[in-house]
Amino acid sequence: MKILLPLTCTILVSTYASSAFAENSWYLGAQYSAQEVASSPDRELNTAGIVAGYQFNEFFALETRVNIGTTGYSHQILSDQEYKEDIDTQASLLIKASYPISNGFSIYALAGMSKSKYEITTTSHHTDIDGNTTQTYPHLIKASESGFNYGVGLNYKISEEFSLFVDYQVLPELSIVSGDSSNWNSINIGVNYSF
1 MKILLPLTCT ILVSTYASSA FAENSWYLGA QYSAQEVASS PDRELNTAGI
51 VAGYQFNEFF ALETRVNIGT TGYSHQILSD QEYKEDIDTQ ASLLIKASYP
101 ISNGFSIYAL AGMSKSKYEI TTTSHHTDID GNTTQTYPHL IKASESGFNY
151 GVGLNYKISE EFSLFVDYQV LPELSIVSGD SSNWNSINIG VNYSF
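Per the numbering used here, numbering through the sequence shown is continuous, rising by one, with the last residue being 195.
If you're looking for bench data, these hints aren't it; they were derived computationally from the structure.
Every residue, glycine too, gets a C-beta built ideally from N, C-alpha and C.
Certain hints may be false.
As the list claims (entries may be wrong) - 25 angstroms max Cα-Cα, derived DSS-like pairs, lysine-lysine:
id, residue 1, residue 2
1, Lys84, Lys157
2, Lys117, Lys142
3, Lys142, Lys115
4, Lys115, Lys84
5, Lys117, Lys84
Stated by the list, open to error - Distance windows between CB atoms, simulated:
id, residue 1, residue 2, range
6, Asn57, Glu119, 34 to 44 angstroms
7, Ile77, Asn57, 20 to 30 angstroms
8, Phe59, Ser144, 46 to 56 angstroms
9, Tyr150, Tyr32, 13 to 23 angstroms
10, Phe59, Ala30, 18 to 28 angstroms
11, Ser39, Leu140, 15 to 25 angstroms
12, Glu161, Pro138, 13 to 23 angstroms
13, Ser124, Tyr193, 13 to 23 angstroms
14, His75, Ser159, 41 to 51 angstroms
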């Protein structure tokens, strides 16, 4: 009995404290991501996708983001060769720590793991004497990068259900076919709906 009473009091107090600060809500949203790979030359890759998360309280959430590539990078290597990079899919699992500042605004930090699948295509065009393309030889390389990513952002709560966000993330370094690593970052903008 001496152990049961303090244990019961501890459970009741912790339950009250967690419910007093809890938002305990799921949210779903959409985002657009403008990404840049710092290399020579710099490459811009864009994605769009969905955001899903669970808000434990006003300070912490667990979030996942799944994107698909919308635009890639390409350039002409020689007059008869073309190089192209495209993001196929990109997924992240993130811990989100928020701090409210004022009037519906909050700042947050993100940290987690991400995996990006991408394709590199090189195409050679062969022409005849008259300048007509006779044959095309595409070469496709599928690759992926995974690792730790982090970032900071700003959230604005429009209503109890809707919020807008913008954030900056540093993604895992991208290893190009040559073996060199390049810095990879993104600016994301989106909207979430809590239910």
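Status of the hints after comparison with the structure:
Between lysine 84 and lysine 157, the direct Cα distance comes to roughly 39 angstroms. Violation of the 25 angstroms bound is thereby established for this hinted pair. With a CA separation close to 7 angstroms, the supplied pair lysine 117 and lysine 142 stays within the 25 angstroms bound. The hinted pair formed by lysine 142 and lysine 115 meets the criterion: a straight-line CA distance of about 13 angstroms does not exceed 25 angstroms. At roughly 20 angstroms between alpha-carbon atoms, lysine 115 and lysine 84 fall within 25 angstroms of each other, so this suggested pair holds.
Only pairs whose Cα atoms come within 25 angstroms are accepted, and lysine 117 paired with lysine 84 is accepted, the gap being roughly 14 angstroms. Between asparagine 57 and glutamate 119 the beta carbon distance is about 41 angstroms. The supplied range of 34 to 44 angstroms therefore holds. Here the CB-CB span from isoleucine 77 to asparagine 57 is close to 53 angstroms, at odds with the stated 20 to 30 angstroms. Evaluation of the 46 to 56 angstroms hint for phenylalanine 59 and serine 144 yields a failure: the beta carbon distance comes to about 33 angstroms.
In this structure the hint that tyrosine 150 and tyrosine 32 lie 13 to 23 angstroms apart at CB holds, the actual value being about 20 angstroms. About 24 angstroms separates the C-beta atoms of phenylalanine 59 and alanine 30, a value consistent with the hinted range of 18 to 28 angstroms. One distance hint, 15 to 25 angstroms for the beta-carbon pair serine 39 and leucine 140, holds here, with the actual separation near 20 angstroms. For glutamate 161 and proline 138, the hinted distance range of 13 to 23 angstroms is not satisfied, since their beta carbons lie about 47 angstroms from each other.
Our hint of 13 to 23 angstroms for serine 124 and tyrosine 193 is violated, since their Cβ atoms are close to 48 angstroms apart. The hint said 41 to 51 angstroms for the Cβ distance between histidine 75 and serine 159, and at roughly 45 angstroms that hint holds.
Violated hints for the displayed structure, listed by number in ascending order: 1, 7, 8, 12, 13.
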